[in-house]
Amino acid sequence: MPECVWIHYSRPRPHWYALGEDDQAVLAESWSRVRSRSEADGARCQGSYHIRGQHDFQDVEIWIFPDSRAAFAHWEGLCGERYNEFFAFANNLGLAKEGADS
Amino acid sequence: MSNLSGDTDVFSSEQVGGDSRPAIVAFTAVRQDILDGVYTQEHRDRLTAVLDELVTLGWVLSLRRIFDRDADPQARVLETGFAHDHDIAGVFEAPDIDAALSGTVRLEKAGWARLFRTQWLIGPREFAPVPGSGAPADHQWGFIALWEWNDDWCRASTRERALYDEECDIAFRGDLELGVNIAGRHRLDLCHHWHHIGAWEIDGPEMAGRAIAGHERVADFKFTTSRHIVGRSRPLNDLIEPRDFTRAASPRGSTVNA
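If you're matching them up, the sequences are chains A and B in order.
To convert, note that position 51 of the first sequence is 51 in the working numbering; the numbers rise steadily by one, no gaps.
To convert, note that position 68 of the second sequence is 1068 in the working numbering; the numbers rise steadily by one, no gaps.
Think of the hints as simulated: they come from the structure by calculation, not from any bench.
For each residue, glycine too, the CB sits at the ideal point set by N, CA and C.
You may find that some hints are simply not true.
[What the hints assert, rightly or not] Restraint ranges, calculated between C-beta atoms of paired labels, are given here:
hint	chain 1	residue 1	chain 2	residue 2	range
1	A	D22	B	D1152	21 to 31 Å
2	B	G1006	A	S36	27 to 37 Å
3	B	D1045	A	A25	29 to 39 Å
4	A	I7	B	G1134	42 to 52 Å
5	A	V5	B	V1030	35 to 45 Å
6	B	V1038	A	V26	38 to 48 Å
7	B	G1134	A	A25	48 to 58 Å
8	B	V1055	A	P2	32 to 42 Å
9	A	S36	B	R1031	39 to 49 Å
10	A	Q46	B	P1205	41 to 51 Å
11	B	F1082	A	R11	34 to 44 Å
12	A	E29	B	R1031	27 to 37 Å
13	B	G1058	A	K97	16 to 26 Å
14	B	S1226	A	R82	47 to 57 Å
[Stated by the list, open to error] Just a sample of chain A residues kept apart from chain B, beta carbon distances all over 10 Å, derived:
hint	residue
15	R52
16	E76
17	L95
[Claimed, not checked] Computed footprint of chain B on chain A; a stretch qualifies when at least three of its residues, placed anywhere within it, have a C-beta under 8 Å from a C-beta of chain B:
hint	region
18	13-23
19	43-49
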């Protein structure tokens, strides 16, 4: 299967701000491990960017995954560490384009 | 693949072999063939050829066939223009997410993109279909619910979420007693802001109204933001005929320079 782009928009949910710094750090470390594992499995993070000025969300991350299954494994890993409970999100998954437009 | 939340009394995880699950390919679409020659019979023929090939590749092209694999394989969609700002909505099912993504690209290129401006909603099946009470019903209407858990659900304890699921099961049992056929649950969160989609067969908008009133009684919506779509089931072939521009009036041309 062709590579997939995965675009991930996020913003903290209100109760994220109510957590202490230590609790935030523990969670952030678990999410960092998921990201590192995905990169070790062939994913490429193109960067994380701040977009709060023009969007409902705060940050956007752009990832390239070997296939959709790898993208799903990454997202499931984050959900397994409760990322989706502390951050609102919107995601897009797209196949690399082939051939001319029609 | 895991589910976003656990099985309930009403819903159970789809039992499938391997680690791939069927993927829903739901959509809302607005006709945009306003210019003569952009979408023609040739595009329609290409589009129907792709649809036929998707069936041979294991796609399900109607809500009815999710419940009954022996049902007519021809594509059926919901006519929704009477109540929504899109003309049609629909629920297909592909063998997996890769097939879903590549299939939508094939449809778009064959002519779908010329005919419709579309939002595709793709994600794997979580829960198996649950037929409504009584004889299997071949309803002529459909209902689609999109929802995401809100900040209050995300802040709630495991115990509060379990109680909430029990309350929602009361409403779902009411849906089934009304004769609603529920096509399980699919998760959409990999490719969308919606977390889930549920698709139902119903016998008309009144059934959807009675069912949703039951969900309101158990406070289903305290923990979700939802969007509901209702429409009448029609063969897709009846809704993708090229427009007959020879019959179209053209008042604009006579008034532009008036």
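Evaluated hints:
1. D22/A with D1152/B: 21 to 31 Å: The hinted range 21 to 31 Å holds for D22/A and D1152/B, with Cβ atoms some 25 Å apart.
2. G1006/B with S36/A: 27 to 37 Å: holds (28 Å)
3. D1045/B with A25/A: 29 to 39 Å: Distance hint for D1045/B, A25/A is violated at roughly 60 Å.
4. I7/A with G1134/B: 42 to 52 Å: holds (45 Å)
5. V5/A with V1030/B: 35 to 45 Å: Given range 35 to 45 Å: violated, Cβ gap about 25 Å.
6. V1038/B with V26/A: 38 to 48 Å: violated (56 Å)
7. G1134/B with A25/A: 48 to 58 Å: Given about 55 Å between the Cβ atoms, the range holds.
8. V1055/B with P2/A: 32 to 42 Å: Violated, at about 23 Å.
9. S36/A with R1031/B: 39 to 49 Å: About 47 Å separates the Cβ atoms of S36/A and R1031/B, which means 39 to 49 Å holds.
10. Q46/A with P1205/B: 41 to 51 Å: holds (45 Å)
11. F1082/B with R11/A: 34 to 44 Å: holds (36 Å)
12. E29/A with R1031/B: 27 to 37 Å: About 50 Å separates the Cβ atoms of E29/A and R1031/B, which means 27 to 37 Å is violated.
13. G1058/B with K97/A: 16 to 26 Å: holds (25 Å)
14. S1226/B with R82/A: 47 to 57 Å: About 23 Å separates the Cβ atoms of S1226/B and R82/A, which means 47 to 57 Å is violated.
15. R52: Correct as stated: the minimum Cβ-Cβ distance to chain B is 16 Å, above 10 Å.
16. E76: violated (6 Å)
17. L95: violated (5 Å)
18. 13-23: holds (count 3)
19. 43-49: It is violated, with 0 qualifying residues against the three required.
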